[in-house]
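Start from the sequences, fold in the hints, and give me the full structure.
Number of protein chains: 2
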Amino acid sequence: MNIEQRIQNAMQRHFEEVTGDSTPPTLKAAMRHALFPGGARIRPQLYMAVAMVSAEDAPLITDAGAVALELMHSASLVHDDMPCFDDAQLRRGKTTVHVEFSEPVALLTGDALIVMAYQVLINQSTGKSISRKHANRLLEMMHVLSQGVGAPSGIVAGQAWECESKVDLWKYQRAKTGALFTAATCMGAIAAGANPAPWRELGESLGDAYQIADDIRDVIGHAELLGKPIGQDVEHGRPSAAQVLGLEGANKEFKRLIENAAKSVPQCHGRHILREMISKESERLVPQPEYQRYIEMTKLNPKGVGHLV
Amino acid sequence: MNIEQRIQNAMQRHFEEVTGDSTPPTLKAAMRHALFPGGARIRPQLYMAVAMVSAEDAPLITDAGAVALELMHSASLVHDDMPCFDDAQLRRGKTTVHVEFSEPVALLTGDALIVMAYQVLINQSTGKSISRKHANRLLEMMHVLSQGVGAPSGIVAGQAWECESKVDLWKYQRAKTGALFTAATCMGAIAAGANPAPWRELGESLGDAYQIADDIRDVIGHAELLGKPIGQDVEHGRPSAAQVLGLEGANKEFKRLIENAAKSVPQCHGRHILREMISKESERLVPQPEYQRYIEMTKLNPKGVGHLV
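Those protein sequence lines, which keep their order, are chains A and B.
Mapping of the first sequence onto our numbering: residues 1 to 309, in sequence order.
Mapping of the second sequence onto our numbering: residues 1 to 309, in sequence order.
Because the hints were derived from the structure by calculation, they are not lab data.
Since no wrong hints were added, every one of them can be taken at face value.
Because identical chains share one entry, a pair is satisfied inside a single copy or across any pair of copies.
Within a straight-line C-alpha distance of at most 20 angstroms, the following computed EDC-like cross-link-like pairs (lysine to aspartate or glutamate) qualify:
1. 171 / 21
2. 166 / 21
3. 280 / 204
4. 263 / 276
5. 263 / 281
6. 171 / 253
Quick look at the structure:
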């Protein structure tokens, strides 16, 4: 079973286990809408890759961590898409939760997904005789996950920086995206009983790279490819690396971060597999042929080509 | 130090510990606005009373549980007050978070408070050598807390029942309010290392009583006394016990539930203290003189007096 399939199975298993038969049907349908079929599931994949190369020895705990990460990410998407934030109509190629259901349901769905992220981890400890070792792993995983999501510098804080009049772009982006990537690599190590510290830099670099890639795609992207609207940063007056560094500066920084991520992978048995995964992911994040095409069209028409749509 | 003061101190200590200096200032201010000075803090009081009569032996864990309960309750109030739900302007006698700050900030504040509820519990396990006994207590407390908040039947699910076309009133109310009361009594026992099962009925009865009291006050209440608008159930078309049972039927049921709550308190050293607390709380919830005044005015003017405002 490959990583994608393992994550998918775990997502479905935990979704049914937590929601069961007595969750209000609309809430359950909205939660399912937010989770399935899902996007690239990049955070749980990264997490699981780290757990696997760290010689995981408790696969059910590993599974639960992957699901918890994806639940937190999905919760933030549901809330960010709401009218008071991005007012987005499309997400992952389909209608957003508040459009498909309603605003109140979207609000509750995000809340329920946040709680569910903890539930799937906690459920690994209930109804069974759990060792002290595993209890501590679960608590440490929840600790790191909470740092990636809550105050003072998780993704919720990242969104909150958008509500401040004065913002440090890097602090904002580190929190907005990087925090959950860092949680992913560190949690992967913890799930396997390994030391998370050597894995922090990988998460930070990839998180920064991912955020810059998002900024770049927001300029050059096709809405159809992205599954969500483009030009959102300018429209919402959000700080963006592509605006601060210029498009070419941003692309250069993106490449530097990817290189740094690959270099940072600690010595371990599956080091080359992780590096390959990073290289493949970087091609998906900012397809260089598409980037070049955009640059050339801008040169042909220096007054601006607008978006390639 | 009395219970109120102990809860207040714990709230302030944990608030500073989690938010620190680097939380975005507006988010931190909004979280503080939602938490302080606070309402009656009835859930943490109930919880702490149970922990104390159960001979608590880990006061820092007890404190953390009280804070976690109040954080979850406050998060639900912030989100419920938002325009897509109740669109309330007043809460606890001051402006609601989205009115004082903004809708996006209110949305993030609720999310951050939910995560913080787990953080304060998890923080009892990090950076210190924790015994297996205490690690398991924390996990069990988080398990029960999650049941009181998330899917399938916590307070979030309770709110979600309002979005269904067909609702069972008791199932809805049990989830909407009762779930967190039940979590409170059970968590109190767990925090003290006691068996939570004998404390479940107390939480359920009080939760049901509290919800009915809310329905009764929504009819007879004064907005100034409640610190929030009245007549909300009718305005929002929400199912209400006062509508289903009639006002006198609802008051009778309220009294029955309070009696049942008092009876359900298990044999323990401080049984009489808990029973006194319940009796005092019932007077605060539905002041019988005020109720009688309303009934008499309705008799004088059988076509309806509207609200006594």
